[in-house]
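Trainee: What follows is each chain in one-letter form.
Number of protein chains: 2
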Amino acid sequence: MTTITASPLTAESFNEFGDVIQTDGAASFEINQGMCTRFHDLAKIETSGPDGHPLISLARGKPYRLPLHLTMVERHPLGSQAFIPLSDNPFLVIVCQDNNGVPGIPQAFLTANRQGINYRQNIWHGILTPLHDMSDFIIIDRGGGGNNLEEYFFDQPYQVIVPE
Amino acid sequence: MTTITASPLTAESFNEFGDVIQTDGAASFEINQGMCTRFHDLAKIETSGPDGHPLISLARGKPYRLPLHLTMVERHPLGSQAFIPLSDNPFLVIVCQDNNGVPGIPQAFLTANRQGINYRQNIWHGILTPLHDMSDFIIIDRGGGGNNLEEYFFDQPYQVIVPE
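First to last, the protein sequences are chains A and B. Counting from 1, position 60 in the first sequence corresponds to residue 60 in the numbering used here; the numbering is continuous, with no gaps. Every number in the numbering used here is 1000 more than the matching position in the second sequence, counting from 1.
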């Protein structure tokens, strides 16, 4: 079984797959007479198709144990999908480049400091993978008609580890 | 000075102004082989205008002291605006009905248990008003051209109180 080692999530390393939703490095400005700082426009929401529209939902995920056995990834051809944590628990972010319609070797990232992520439309990614404890997330993704889910099951699962 | 007493925020009492973003009473279903519960489509995102599009931003707000002196409200003619707390700190939600383009007497609500809210397009509302401590929020609102802000300053401020 091939082992994938998770790296710390950074905007640079994740750039080809989507956005890291974080205040670090984000453009910001003061509003409300200086009572509030707005970190502005942190992710690109994509909602393709004639009746595509954005949704706000909440996900409550059970934690996964490490090492993770990664058996599948999925992608959403019609829309982006953002996950913003409502807790301090980190989660695993797994993505793959696409090779002619098939996912390549997965890359794994570990969030820290409440980083959220936004998968760009049609990017192969793992399912929501919280660690340590039951964890809530805000999801911002696409509603509307059309097939917006494609799943791919690997012939051999990958093992994903997090360095100590 | 007229005093407004904040009530507990409920979906029913807030219904004419927008959505309460909460798991209580929300439709949900299991995903990821039972590892995750999705509380689905909790708020209606509105982005009017030819290039209107949704934005994900983060707000970091300083706390306000009670009683609050409410001097103004605002509204966004072209889009909804959602605030989802990233902390346990409650915040005040202040809204007004519209009377021929002018806000009526404010109504105040106090959030609990991490309730978020989504102001419907063109609803008069107060600015973000966290209590107790510096508080982070996810904002989902509208980007794009056109004038999406209207402010109204009251002749006399209101005093907003929270019952013990």
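Careful: at least some of the hints might be erroneous.
Below, a list of computed lysine to any residue pairs in the SDA-like style, where the Cα atoms sit at most 25 angstroms apart [claimed, not checked]: (1) Lys1044(B) / Leu55(A); (2) Lys62(A) / Cys1036(B); (3) Lys44(A) / Leu78(A); (4) Lys44(A) / Asn1113(B); (5) Lys1062(B) / Glu1151(B); (6) Lys44(A) / Asp1051(B); (7) Lys1044(B) / Pro50(A); (8) Lys1062(B) / Ser87(A); (9) Lys1062(B) / Asn1099(B); (10) Lys44(A) / Gly1049(B); (11) Lys62(A) / Ala1112(B); (12) Lys44(A) / Ala1112(B); (13) Lys44(A) / Ser87(A); (14) Lys62(A) / Pro50(A); (15) Lys62(A) / Asn1032(B).
Computed footprint of chain A on chain B; a stretch qualifies when at least three of its residues, placed anywhere within it, have a C-beta under 8 angstroms from a C-beta of chain A [what the hints assert, rightly or not]: (16) 1048-1055; (17) 1065-1071; (18) 1093-1105; (19) 1108-1115; (20) 1131-1142.
Listed next, with one range per pair, are the computed distances between beta-carbon atoms [stated by the list, open to error]: (21) Gln97(A) / Pro1008(B): 28 to 36 angstroms; (22) His1132(B) / Asp88(A): 35 to 43 angstroms; (23) Glu1030(B) / Ser48(A): 37 to 45 angstroms; (24) Glu1012(B) / Gly145(A): 25 to 33 angstroms; (25) Leu149(A) / Arg1065(B): 42 to 50 angstroms.
In short, the hints are calculated from the structure, not lab data. Note that the structure is predicted; figures quoted are calculated from it, not measured. Cβ coordinates follow ideal geometry from the N, Cα and C atoms, glycine included.
Trainee: All the hints need checking, so say for each whether the structure fits it.
Mentor: Verification of the supplied hints:
1. Lys1044(B) / Leu55(A): 7 angstroms, holds
2. Lys62(A) / Cys1036(B): 6 angstroms, holds
3. Lys44(A) / Leu78(A): Roughly 13 angstroms between the alpha carbons, so the hint for Lys44(A) and Leu78(A) holds.
4. Lys44(A) / Asn1113(B): 29 angstroms, violated
5. Lys1062(B) / Glu1151(B): 21 angstroms, holds
6. Lys44(A) / Asp1051(B): 14 angstroms, holds
7. Lys1044(B) / Pro50(A): Holds, at roughly 17 angstroms.
8. Lys1062(B) / Ser87(A): Roughly 20 angstroms separates the two Cα atoms, so the pair holds.
9. Lys1062(B) / Asn1099(B): Violated - the C-alpha atoms of Asn1099(B) and Lys1062(B) are around 31 angstroms apart, more than 25 angstroms.
10. Lys44(A) / Gly1049(B): 18 angstroms, holds
11. Lys62(A) / Ala1112(B): 24 angstroms, holds
12. Lys44(A) / Ala1112(B): 30 angstroms, violated
13. Lys44(A) / Ser87(A): 23 angstroms, holds
14. Lys62(A) / Pro50(A): Violated, at roughly 34 angstroms.
15. Lys62(A) / Asn1032(B): Holds, at about 10 angstroms.
16. 1048-1055: holds (count 3)
17. 1065-1071: Per the Cβ count (0), the hint is violated.
18. 1093-1105: violated (count 0)
19. 1108-1115: n = 1 at 8 angstroms, threshold three: violated.
20. 1131-1142: holds (count 3)
21. Gln97(A) / Pro1008(B): 28 to 36 angstroms: Once the Cβ atoms are compared, 49 angstroms apart, the range 28 to 36 angstroms for Pro1008(B) and Gln97(A) is violated.
22. His1132(B) / Asp88(A): 35 to 43 angstroms: Taking Cβ atoms as reference, His1132(B) and Asp88(A) lie about 19 angstroms apart, which means the hint is violated.
23. Glu1030(B) / Ser48(A): 37 to 45 angstroms: At roughly 27 angstroms between Cβ atoms, Ser48(A) and Glu1030(B) fall outside 37 to 45 angstroms, so the hint is violated.
24. Glu1012(B) / Gly145(A): 25 to 33 angstroms: At roughly 31 angstroms between Cβ atoms, Gly145(A) and Glu1012(B) fall inside 25 to 33 angstroms, so the hint holds.
25. Leu149(A) / Arg1065(B): 42 to 50 angstroms: 48 angstroms, holds
In this structure, the hints that do not hold are numbers 4, 9, 12, 14, 17, 18, 19, 21, 22 and 23, in rising order.
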